[in-house]
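Protein chains in written order, with this note's numbering: chain A, 8 to 313; chain B, 8 to 313; chain C, 2 to 274; chain D, 2 to 274.
The set of hints was computed from the structure by calculation and includes no laboratory data.
Please note that a few of the clues may not be correct.
Stated by the list, open to error - Going by beta-carbon spacing under 7 angstroms, a handful of chain D positions derived as facing chain A: (1) Lys13; (2) Asp229; (3) Asp241; (4) Gly260.
Claimed, not checked - Dumping the calculated SDA-like pairs for lysine to any residue here, alpha-carbon to alpha-carbon at most 25 angstroms: (5) Lys220/A x Glu125/B; (6) Lys51/D x Gly309/A; (7) Lys75/D x Gln129/D; (8) Lys37/B x Ser253/C; (9) Lys21/B x Glu125/B; (10) Lys245/B x Gly86/B; (11) Lys41/A x Asp23/D; (12) Lys13/C x Cys18/A; (13) Lys51/C x Gly86/B; (14) Lys16/D x Lys37/B; (15) Lys258/C x Arg118/B; (16) Lys287/A x Gln8/C; (17) Lys51/C x His78/C.
What the hints assert, rightly or not - Distance ranges between label pairs, derived from CB positions: (18) Asp34/D x Glu59/B: 38 to 44 angstroms; (19) Ala95/A x Glu163/D: 34 to 40 angstroms; (20) Lys203/C x Gln127/B: 48 to 54 angstroms; (21) Ala243/A x Glu199/D: 47 to 53 angstroms.
Note that the structure is a prediction, hence the values are computed from the model and not measured.
Where a beta carbon is used, it is the ideal one built from N, C-alpha and C, also for glycine.
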Amino acid sequence: MTTPNLTIDLCGIKLSNPTVLPSGFLGTSKSLLKRVADNGAGAATIKSVSFEAREGHKNPTVIPFEAGMLNAVGYSNPGAEETAREFANIEDVSIPVIASIIGTEAGDFVRVVDKLSETQFSAIELPLSCPHTPGFGLLAGQGTPESTKDIVSAVRKATKLPIFVKLSPNIPEIWNLAKSAEDAGANAITAVNTLGPGMIINIEARKPVLSYKVGGVSGQALRPIATRCVYDIYEAVKIPIIGTGGISTGRHAIEMIMAGATAIGVGTGIYQRGIDIFRKICREMEIWMSENNFNSIEELIGIAHE
Amino acid sequence: MTTPNLTIDLCGIKLSNPTVLPSGFLGTSKSLLKRVADNGAGAATIKSVSFEAREGHKNPTVIPFEAGMLNAVGYSNPGAEETAREFANIEDVSIPVIASIIGTEAGDFVRVVDKLSETQFSAIELPLSCPHTPGFGLLAGQGTPESTKDIVSAVRKATKLPIFVKLSPNIPEIWNLAKSAEDAGANAITAVNTLGPGMIINIEARKPVLSYKVGGVSGQALRPIATRCVYDIYEAVKIPIIGTGGISTGRHAIEMIMAGATAIGVGTGIYQRGIDIFRKICREMEIWMSENNFNSIEELIGIAHE
Amino acid sequence: MNEGFEQPVMMKIDKIIDESDDTKSFMFRHNLDYNPGQFIMVWLPGIDEKPFAISSFGEDFFGFTVLARGNFTKLLHNMKQGEQIGIRGPFGHGFSIPDSIKDGTGSACIIGGGCGMASLTVLIEKLQDYNTTILIGATTKTKLLFKNRYKDITLFTDDGSEGRNGYPTDILEDLHKKHKYNIIYTCGPEIMMYKVYEFCRKYNIQCEASLERYMKCGIGICGQCVCDGQMVCKDGPVFDSQALGKMSDFGSCSLLKSGQRVSLKEYGEWIGC
Amino acid sequence: MNEGFEQPVMMKIDKIIDESDDTKSFMFRHNLDYNPGQFIMVWLPGIDEKPFAISSFGEDFFGFTVLARGNFTKLLHNMKQGEQIGIRGPFGHGFSIPDSIKDGTGSACIIGGGCGMASLTVLIEKLQDYNTTILIGATTKTKLLFKNRYKDITLFTDDGSEGRNGYPTDILEDLHKKHKYNIIYTCGPEIMMYKVYEFCRKYNIQCEASLERYMKCGIGICGQCVCDGQMVCKDGPVFDSQALGKMSDFGSCSLLKSGQRVSLKEYGEWIGC
Ligand SMILES: Cc1cc2nc3c(=O)[nH]c(=O)nc-3n(C[C@H](O)[C@H](O)[C@H](O)COP(=O)(O)OP(=O)(O)OC[C@H]3O[C@@H](n4cnc5c(N)ncnc54)[C@H](O)[C@@H]3O)c2cc1C
Ligand SMILES: Cc1cc2nc3c(=O)[nH]c(=O)nc-3n(C[C@H](O)[C@H](O)[C@H](O)COP(=O)(O)OP(=O)(O)OC[C@H]3O[C@@H](n4cnc5c(N)ncnc54)[C@H](O)[C@@H]3O)c2cc1C
Ligand SMILES: Cc1cc2nc3c(=O)[nH]c(=O)nc-3n(C[C@H](O)[C@H](O)[C@H](O)COP(=O)(O)O)c2cc1C
Ligand SMILES: Cc1cc2nc3c(=O)[nH]c(=O)nc-3n(C[C@H](O)[C@H](O)[C@H](O)COP(=O)(O)O)c2cc1C
Ligand code: FES
Ligand code: FES
């Protein structure tokens, strides 16, 4: 029996397998992206970058709970200029690297794109969906079809790179946003960002554990909701989807692909199964695909809709 | 040391402890409510009732997953007239019983309230928040301040019983809805209904497991989001809150009360710890309260806000 | 938390056995953690999901037996070897075997009616080498299930087309005089089980009956399968005399899919048995 | 998945010990699953959370030692016995002890500088009965930590106010000629650790150094504590010669809270040590 072929074409970008490191995990430095590549990821996303540097929220910023993780890092990042420096010669990383870019208004995004224009990123991701950072994402009103269209159109003019738009699972009619993004020229949808926000209170301290009090929910808790989002988006748009949320096994990855994803993000799973989770997931996918007579990822995409 | 006092006053209704059976769990018959009372619940809610009988969705309607449960029962219920018959002499149940009432328009709710007027329910709950049943809750546009106000005002005129309005965790600005409900005469807020909806696909079957494909998420996955909702609502309204979502231990109950709940709902936890979970939770609360020098629930409500 | 599968697992049909003109057994090569009397939920993706008893059980296989009645069971009957079916479970609380039976000092009687026999086969296999009487009844000859699987069984048909003419309950009095039963197990039409229960009460014999109610969750949370404060899916499907004695709905009422409580007659017309 | 506490657990301060004018140890009656070199995250509710080494450890107690530097550590210093602090962990990868040390055939050297000593105390307790040399350095007499806890230690101060004048690394060459070290452990200012590492490389001695980087998650997912592809919180804080050899940031760069990579000098001005 031949080994199944895990390669995918994500709007023109060739990936050796569908696993993608989502933004916010390990994406602070080129050295870590290399490590992620060595551990089998198909592509990697850098930590979201704003024009100016941001320190983010105080600790605790990340807190695991029994059904996943809560985080309110607060988009800490060294700003666009520093980021361009850190990721110069990004070709040294053996897999495609996606630049995640944030801003409050359309112009902010464009300014960051301009600063990064010399860097060889493979795509630009726009997370219009953070549920817990004032001035960004949902808290900047970016979860509407109009705002999505504005920002995507502006970035579309500023770059030739593929644009991925990252959406929030909090918006019930997520397909509307996906459609707006597609109409405005996005090349792929990343679904989804974290859910909520949620809160965990330490009852002895009588205080929320996160310093920002609330944080976005990722991991297992998010998975069925992310799967539904991908399923809904798949019916609404033609561009590919990077299904992200709670994936930690090959079965989860296949489930997300059957819902309609072309690639899959693996973030919180790193905590649960280690940094080699990318390789583990690929191995599990290969075994399942062999046993179930699938030869390529292509054959799996969206088949739960049949 | 004296045993802490778990009794609460929920808008005039006396509960021997803060645990409440939420709607949709075991609330199909008087005999099961008796059993729930025998197992230590402070109050119980019947399965939501519409004017006409409904068979609900096909099976599978309920499916556990690693972080809770997905359900799309589809509001099966025998209709208002049958319900009045089943719960006649509800005084036989030793705890307060809450009637959960659903409808598409304000008038529907009133018709059900009228049919149940002879039955000795302690309160009326209006779940304006189901995420997965066409014609009801969010899918009937009930997740807006205007619609909340309309329905609550209409029901307010039709009954003297306390009205609980049950809200959806999907609405980011949940405090607005709570405020509308309070303004329209609601006596308490039940927060929250299920999240999402979500989807679980069986990859060998290549199909969503729930016959309705998607279902609301309850259990662990919902807990941090429910806690945040209660925290937000507590800052917005003066009426008490029944905090519901993922509670399965005494610690969880205390966390929810510290966030601002007066009473707490326990649904999915029944699957995890058995029907005597109400008694178990109360015992765990008593022990923790003794160890931490709390004498009454009153002292705990909302103290995470300090 | 239940052992076994919380979510349906797709399993390949290893073999299909025709048990009678309208009854088939579906066999699977799979290991289950199963006690006689428990049930599984059988899922046809995109169609529906219903509870079934396990009628064959071994280390590396199990099977269930289906009477074609409505849409779901007819679709099941159309399935072929090699096709896949979703199974979750086993769920519920099965039969208990008192010490007097295990140590050979007592004796038991097993009474199956119609497709209720499917719930009793694994128990019969466990008890057939002890002092056990086995009575099987059906409306007519072609509906007698598993009659060739066991030696020493007494058959009954309502129309006398095979075995004795009448109901298994007719001869209970005589048999009990002879065998002094410690326990009687039964599964079949509820009216039959009710008669067995009443007989047991009269003679102070332990009784265990496996009830059938329309199920949704199968895991004790929705309340659909309620029988007087008991959840048939979780507290049952097998109940003993003490529990049955407290259930005024036993032998009388059941909930339709909407939750409406109706007489067993009306329930039977809706769902058949 | 980490052992220990994923979420902060509030623990009562059992005792506070003044170690020097600006350093205090906080003791707790609690059992931890801990290996020397690992760290815990210390949470002051509503304030902040920072990593600290464990400096005392027993079956039913542990303690950590804090140099008052910035806001957080000053608030910690203001806490009283009986008050509660949140602890999660232990996290990370600690020191390893080669067989040659365990079986007494080899010898080890432990070099602590300033508050870095706090990471080494539990290791010292484990190794003090073996062939182990202990060197402690500090800028001045009052900053010499734990000098009275152990016998047979050699002290150094930059200003000569106590012990030998100079750095512990000054006499390494002589000591190594005498003891033939199999391994040298170090924690302290990174510039000192870097010197130790270079010395070890020259003489082909195994080296383990405990690094310090600003941390956020503490569990290996955010990338804040990165040192050349290694996460100090998860892959470290202790790294061996092989790992250190691949880290060009070791002894040179670190990330500020924003993620900006700066020289250790600039980092030190921001965070001090
Ligand atoms: C614990 C337990 C164990 C069980 N074990 C077994 C077992 O081992 N074997 C077994 O066979 N069953 C068993 N059952 C019963 C089984 O779960 C199903 O309820 C039963 O097989 C019904 O089949 P169905 O869905 O095809 O019939 P249904 O669809 O429920 O139809 C039943 C009757 O309804 C009528 N009907 C069907 N479709 C329609 C229609 N479209 N319009 C009008 N009327 C219609 C017909 O008269 C038919 O006879 C068990 C039940 C329980 C609770
Ligand atoms: C694995 C590991 C183990 C560790 N173990 C220990 C340990 O055992 N003991 C220990 O003491 N530390 C330890 N640390 C360091 C510790 O985590 C803290 O980083 C350190 O204590 C900083 O304290 P702080 O937050 O009070 O200082 P910071 O707030 O970081 O301040 C440090 C310096 O910054 C300057 N500064 C502070 N506040 C301000 C301000 N408002 N404006 C301008 N400048 C300011 C001051 O110059 C000050 O000296 C460890 C770190 C790691 C990574
Ligand atoms: C600690 C942490 C930091 C994150 N930071 C970002 C970020 O900077 N930008 C972004 O678009 N998403 C961010 N996310 C969201 C993730 O990229 C991802 O969408 C989410 O975690 C769901 O995937 P998972 O369940 O596999 O973790 C962050 C998530 C976590 C847990
Ligand atoms: C199987 C099931 C059925 C439910 N049915 C109803 C219902 O009829 N009406 C309603 O208001 N909420 C219904 N809910 C929501 C619950 O009342 C509750 O709000 C939710 O499950 C969160 O609480 P939990 O995490 O403790 O289960 C249902 C939930 C489940 C799991
Ligand atoms: S079927 Fe849901 S409780 Fe039995
Ligand atoms: S602090 Fe987050 S990876 Fe180390």
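Each hint, compared with the structure:
1. Lys13: violated, 10 angstroms
2. Asp229: Holds, about 5 angstroms.
3. Asp241: violated, 17 angstroms
4. Gly260: At 5 angstroms from the nearest chain A Cβ, Gly260/D passes the 7 angstroms test, so the hint holds.
5. Lys220/A x Glu125/B: violated, 46 angstroms
6. Lys51/D x Gly309/A: violated, 45 angstroms
7. Lys75/D x Gln129/D: violated, 32 angstroms
8. Lys37/B x Ser253/C: holds, 16 angstroms
9. Lys21/B x Glu125/B: holds, 21 angstroms
10. Lys245/B x Gly86/B: It is violated: about 33 angstroms lies between the C-alpha atoms, which goes past 25 angstroms.
11. Lys41/A x Asp23/D: violated, 41 angstroms
12. Lys13/C x Cys18/A: violated, 38 angstroms
13. Lys51/C x Gly86/B: holds, 24 angstroms
14. Lys16/D x Lys37/B: It is violated: about 57 angstroms lies between the C-alpha atoms, which goes past 25 angstroms.
15. Lys258/C x Arg118/B: Since the Cα atoms of Lys258/C and Arg118/B sit roughly 23 angstroms apart, the hinted pair holds (cutoff 25 angstroms).
16. Lys287/A x Gln8/C: Holds, at about 23 angstroms.
17. Lys51/C x His78/C: Cα-Cα ~14 angstroms, so holds.
18. Asp34/D x Glu59/B: 38 to 44 angstroms: violated, 59 angstroms
19. Ala95/A x Glu163/D: 34 to 40 angstroms: violated, 48 angstroms
20. Lys203/C x Gln127/B: 48 to 54 angstroms: At 39 angstroms between Cβs, range violated.
21. Ala243/A x Glu199/D: 47 to 53 angstroms: Between Ala243/A and Glu199/D, where Cβ atoms are some 60 angstroms apart, the hint is violated.
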